[in-house]
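Student: These protein sequence lines are chains V and L, in that order. If you're matching positions, the first sequence starts at 1 in the numbering used here and goes up one per residue. If you're matching positions, the second sequence starts at 1 in the numbering used here and goes up one per residue.
These are calculated hints, taken from the structure and not from any lab test. For each residue, glycine too, the CB sits at the ideal point set by N, CA and C. Check before you lean on any hint, since a few could be wrong.
PhoX-like mimics (lysine-lysine), calculated; alpha carbons at most 20 angstroms apart, straight line [unchecked claim]: (1) V:K57 / L:K4; (2) V:K11 / V:K147; (3) V:K57 / L:K44; (4) V:K35 / V:K224; (5) L:K26 / L:K4; (6) V:K11 / V:K35.
What the simulated footprint calls covered on chain L by chain V, stretch by stretch (three residues with Cβ under 8 angstroms from a Cβ of chain V suffice, anywhere in the stretch; the number is not a length) [to be verified]: (7) 4-18; (8) 22-31; (9) 54-61.
Take a look, some chain V residues computed to stay more than 12 angstroms from chain L by CB distance [as the list claims (entries may be wrong)]: (10) K27; (11) F31; (12) R51; (13) D66; (14) T83; (15) A94; (16) L115; (17) P186; (18) G251; (19) A253; (20) L257; (21) V261.
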Amino acid sequence: MPTKKKIERLKIGDLELTSRLIVGTGKYADFQVMKDALIASGTEMVTVAIRRVDLSKLGSGECLLDFVPKNIHLLPNTAGCYTADEAVRTARLAREACGTSLVKLEVIGDQKTLLPDVVGTLEACQLLVKEGFTVMPYTSEDPIVAKKLEDAGAAVVMPLASPIGSGRGVINPYNVYFILEAVNVPVIVDAGVGTASDAAIAMELGVDGLLINTGIAQAKEPVKMASAMKLAVEAGRLAYLAGRIPKKLYGSASSPLEGLVE
Amino acid sequence: MKIKVNGEERQVASGLALASLLQDLKLSPSIVVVERNRRIIPRKEYSDTQLVDGDILEIVHLVGGG
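For reference, chain V alone in the conformation it holds in the complex (with noise of 0.2 angstroms):
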């Protein structure tokens, strides 16, 4: 298996975080319980949408902000664009609504798997990396591509667990290897993360780091899930660091073989 220099701190940028979960801040109940979730979570960084204001709800209405931990770190990200050219839009009015230069590059190529268009990733890193947004694109399980992403300036390569919201944990572990063995920068596993065994499986692997959303949202009790997926990040990422037995396909005793009585 790939090993990677060991750091303790996850680097974005020019950020270190000691978290390496990163929680999304859509498909909550309520504000309050998605405050509480991300409290619980102990992330540092959490992802944010832009969409236009609803002016016939004029001046009522809670604002996500206040509900945000002021020590977090906001990601935003352009969820909701198909092309290269909405997504580098999308990314300047979050430039401007978050007064950073992180942005998590989503270009979705299909409504129904919500899959990476990645060719329009791709496309929108190379314009994104050249008016200094610090882009941390969402991308498939492909090493070729990951590998383009970083050459193109991306910061960290972010593939998918399993299609956003499907639960289905990492699918492709093998291509994971692949990644982290072609890039140098970090890898965040983003999108269809379900529980805290995908979590910790997805940590095992070796990878950097790990963003959640719908498992913990829309989990029945989503603050009990974020503590359960900090857990099992710490859980994974630890087990990684201790170096694990190898699988074999015969028994081998734990106790000893001599002084049984006869």
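Starting from the known structure of chain V, fit chain L onto it as the hints suggest.
Tutor: Quick look at chain L alone, frame taken from chain V:
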């Protein structure tokens, strides 16, 4: 004069300043971002930006997302 805001046509006073439009819409300038004819207007320019007939505005803000 007629302008378009978030896809909808609006009749507004001639020479209306962007800052005044936001006030009429009860929107806090600090939490929105405004794109006018595909160009992002910096917040400090809201009072000095006079809208003209045919302007297309997109007023956006941060929402929850993954």
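Student: Run the distance test for K11 (chain V) versus K147 (chain V): straight-line Cα separation, threshold 20 angstroms.
Tutor: Satisfied, since the Cα-Cα distance of roughly 18 angstroms is no more than 20 angstroms.
Student: Against chain V, does the region 4-18 of chain L show at least 3 residues with beta-carbon separation below 8 angstroms?
Tutor: holds (count 4)
Student: For the region 22-31 of chain L, do three or more residues have a beta carbon lying closer than 8 angstroms to a beta carbon of chain V?
Tutor: holds (count 4)
Student: Report holds if the minimum CB distance from L115 (chain V) to chain L is greater than 12 angstroms, and violated otherwise.
Tutor: Given that every Cβ of chain L is farther than 12 angstroms from that of L115 (chain V), nearest at about 15 angstroms, it holds.
Student: So K27 (chain V) supposedly isn't at the interface. Is its beta-carbon more than 12 angstroms from every beta-carbon in chain L?
Tutor: K27 (chain V) is in fact no farther than 12 angstroms from some Cβ atom of chain L, at 7 angstroms.
Student: At 12 angstroms, judged by beta carbons, does A253 (chain V) keep clear of chain L as stated?
Tutor: Consistent with the label, A253 (chain V) stays out of reach of chain L, its closest Cβ about 48 angstroms off (over 12 angstroms).
Student: Should the label of F31 (chain V) as a non-interface residue stand, given a Cβ cut-off of 12 angstroms to chain L?
Tutor: F31 (chain V) is in fact no farther than 12 angstroms from some Cβ atom of chain L, at 8 angstroms.
Student: Against chain L, does L257 (chain V) keep a CB gap of more than 12 angstroms to every residue?
Tutor: Since the minimum Cβ distance to chain L is about 54 angstroms, L257 (chain V) lies beyond 12 angstroms and the statement holds.
Student: Compare the distance between the alpha carbons of K11 (chain V) and K35 (chain V) with 20 angstroms, and conclude whether the hinted pair is satisfied.
Tutor: violated, 24 angstroms
Student: For K57 (chain V) and K44 (chain L), compute the direct alpha-carbon distance and say whether it is at most 20 angstroms.
Tutor: Violated, at roughly 25 angstroms.
Student: Holds or violated: is the Cβ of G251 (chain V) farther than 12 angstroms from all Cβ atoms of chain L?
Tutor: It holds; G251 (chain V) is separated from chain L by about 44 angstroms at its closest Cβ, greater than 12 angstroms.
Student: Between the region 54-61 of chain L and chain V, see if three or more residues pass the 8 angstroms beta-carbon test, and mark the coverage as holds or violated.
Tutor: It holds: at least three residues are needed, and the region 54-61 of chain L offers 4 whose Cβ sits within less than 8 angstroms of chain V.
Checked against the numbered hints listed earlier, the structure breaks hints 3, 6, 10, 11, 12, 13 and 15; every other hint is satisfied.
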